[in-house]
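Put chain L on the given structure of chain Z with help from the hints.
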Amino acid sequence: MTLKNFLLDLLIFIAALIAFEPRLTGIPVHEWLSLALGITLTVHLLWHWDWMLNVGKRYFKRLFHISRLKFFVDLLFLVAFITVLLSGLLISRSILPLFGIQTEHRSIWRPLHSLSADLSLLFLAIHLGLNWDWIVCTLKRYLWTPLRRGFSSLLTPSNIEGELCPQPVEETNRR
Amino acid sequence: MKTIFRLTVIVFVMLLIGIGLYAAFQNPTIQSQLGLTSAFGWRGRAAEGTGELFLRESGEQAWRGTGNGRGFGGGQGGAFGRRAGRGEGHGELGNLPSSSGWLGLLGVLLRLAILMAIVVALVKFGRWIGRKFKPSERMNAQNVAN
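So the protein sequences, as listed, match chains Z and L. Start counting the first sequence at 1; every next residue gets the next number (the working numbering). Start counting the second sequence at 1001; every next residue gets the next number (the working numbering).
In isolation and in its complexed conformation, chain Z is listed as follows:
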């Protein structure tokens, strides 16, 4: 599950980076990629259902815990991301016109799209920063250690065990 999580998160991260810069791909790819990002984000939420439920149910029991901060940031991130998707759809030049729906280009949704995209980037950074230990540990486990093992087996046959990422009690279901 951790590997699956890691691969999905990596995919979301790369797609988000590309989607954040529409000049890189042009508008049609930007719009379709963002929509696909919305779907993968839903899968991401689905895979972290237990964690969301665990923290959500006991949110006020132990308020000053980092998992509460993570939950709050994730909630804000979700709202910001939905705003990006919604405003993006409402000013869409590729997706909605494809279905015969004309969009309003000079509406309030345009500044809102830009503002919510900036906020999403901020919340993404906080989200990654708060999960930094897990990211580093998983990178070591699935990228660094196999690479090192590959190199060392070329020189001397050794068995380097992958590290197990530390999992706080309340976050057991998250990983």
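Incorrect hints may appear among the rest.
Said to hold, decoys possible - Here are some chain Z residues pointing at chain L (derived, C-beta under 7 Å): (1) 4; (2) 45; (3) 83; (4) 123; (5) 125; (6) 128.
What the hints assert, rightly or not - Interface residues of chain L toward chain Z, partial, derived using beta-carbon atoms under 8 Å: (7) 1004; (8) 1006; (9) 1008; (10) 1096; (11) 1101; (12) 1115.
Note that these hints are calculated values from the structure, not bench results. Values in this document were obtained by computation on a predicted structure and should not be read as measured data. The beta carbon of each residue, even a glycine, is placed where N, CA and C say it ideally should be.
Positioned in the frame of chain Z, the structure of chain L alone reads:
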């Protein structure tokens, strides 16, 4: 079955948030309170006010666009050239990829890295403070004994 239920709940919550946001931002009272008006848009008005400054700056900073962009919502000037201006005189993002996109991506990565570094540093500092001021077990035992 469980997965379908969970998926339905997630999609429902997302739709609910989306509908709520749509209703809120379409409300004229909220629009005026936030300074968002459909005629110009606050960034549009900001662009109108500071167009000259950003027009000059846009020539120097590639990621801001190269001028002549139109501010979001209709304001004149290149204030938000990074997203709206492409320097071709019409200020709209094109359907085709632009080579300046790579520079933009670098900008996004840089912003992300700086923000992440700040958050990681704050978390580590918080943990260090927590460890520093956490009463030790020996002190607790002494307090209990007293």
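Which numbered hints fail: 1, 4, 7 and 9
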